[in-house]
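If you number the sequence shown the way the working numbering does, the last residue is 478 and the count never jumps.
These are computed hints drawn from the structure, not numbers from a lab.
Treat the hints with care, since some could be wrong.
What the hints assert, rightly or not - So the derived label-pair ranges between C-beta atoms look like this:
#: 1; residue 1: Glu92; residue 2: Glu406; range: 50 to 58 angstroms
#: 2; residue 1: Met63; residue 2: Ser258; range: 20 to 28 angstroms
#: 3; residue 1: Ile291; residue 2: Ala332; range: 46 to 54 angstroms
#: 4; residue 1: Glu406; residue 2: Pro176; range: 35 to 43 angstroms
#: 5; residue 1: Gln242; residue 2: Arg458; range: 12 to 20 angstroms
As the structure is a prediction and not an experimental result, all values here were calculated from the model.
Note that CB positions come from ideal geometry on N, CA and C, so glycine has one too.
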Amino acid sequence: MNSRQLLKIGVPEYCLKTAKTAIQNKVAEEKANGKVRGKELKELVQKVVEHPEEYLEDPAFRQLALELVDDNSEEVVDPISYQIWGKEGIDEGAFSQMDLACHVPSAWGAALMPDAHIGYGLPIGGVLALEDAVIPYAVGVDIACRMKLSVLDISVDKLNQKHHQFVDALNRGTVFGVGQAHEKRQRHAVMDEDWSVTRITRENKDKAWKQLGSSGSGNHFVEFGVLTIAQDDAELGLDAGEYVALLSHSGSRGTGANVAAHYSKLAQAAHADLPRELMHLSWLDLESEAGAEYWAAMNLMGEYAAANHCCIHRTIAKNLGAEVLVDIENHHNFAWKETHFGKEVIVHRKGATPAGEGVLGIIPGSMATPAYVVSGKGNPESLNSASHGAGRVMSRTAAKKAFHWPTEKKKLEEAG
């Protein structure tokens, strides 16, 4: 069983390693009596989670049971309540993680978006407002992961007529893969900013510059498509019709991940007496030295992620000889100082789109399905937030096993 499966059946994050070891021990123990089937194993682990005291003498599950019944940590405060959108499509693991997040002492408000699924600490699709504190893990490892859409002055007909030119322009405009970077450094004013605001940003400036304009891996992408404007849009300055658009999804690359890792460790060290299930939700007071440093580093990573997209779009448009008519962009892994119901709070959106009244955002779909340009309604119950994508029903690893790539590739080609 993998981490995601264990989280779904209620194993706390701090017990994942021990749970996997316990399962291995159980399989080895019963090997002589026949292989333990997956369903039986799942049910057994659930019983251990629900009644750990009954397994304290079990050779295989003793250590897991001990960790589950350990009550030496500080008592958890009563949780705040939160609003849920699209409850029927959200798995139980995401609810469990959101419930835990609402126990954080400084939690003030929260909401769960319809595309929510299990993450680490705060679920992806989770929105959490704190008083005077920030949680590095609630912002996420990929700080300022974001969307950008550029509308180009190119005829839609050319997308099919000169398909190879678009593919070539895109391939020369960015690079994909873990740790990948351009051979030649990109130029952008963000590299002239003060990167000495923290030791981590100063030490990672060279890496950040090398990776400027790159896209990373995972679910990050750059693609062309057709933007349909149903009616004249004065705000965008576009008439009704169809337009060629360039869409990208990526964040702050390796430097953002290093910032997240460093300050998450500092936060956990500052709250070593927290219950272990809350450790990934350890926070930094904004008035503390570490909190002020993280806030400065996070905002620099926001500028850097925006610069990444700027370089990608600028280069691809130049490769095509095109001009950009209008840009739309937004972060969806970030923390903002905002005022809600008359109070200033720190709103964390981990995989959630800012949706204040009239604020434009981008919500991508799954492969070969539409993405949407949206305008926020400013719903106070959602803390001015919306979903950031189509959600997921399985991990990328599970998807690789479930789908036949040549078949899916053909479907994508047919979809254009």
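How the hints compare with the structure:
1. Glu92 x Glu406: 50 to 58 angstroms: Holds, since Glu92 and Glu406 (Cβ atoms, about 57 angstroms apart) stay within the stated range.
2. Met63 x Ser258: 20 to 28 angstroms: violated, 45 angstroms
3. Ile291 x Ala332: 46 to 54 angstroms: With a Cβ separation near 49 angstroms, Ile291 and Ala332 satisfy 46 to 54 angstroms, so the hint holds.
4. Glu406 x Pro176: 35 to 43 angstroms: Because 27 angstroms falls outside the window, the suggested range is violated.
5. Gln242 x Arg458: 12 to 20 angstroms: holds, 18 angstroms
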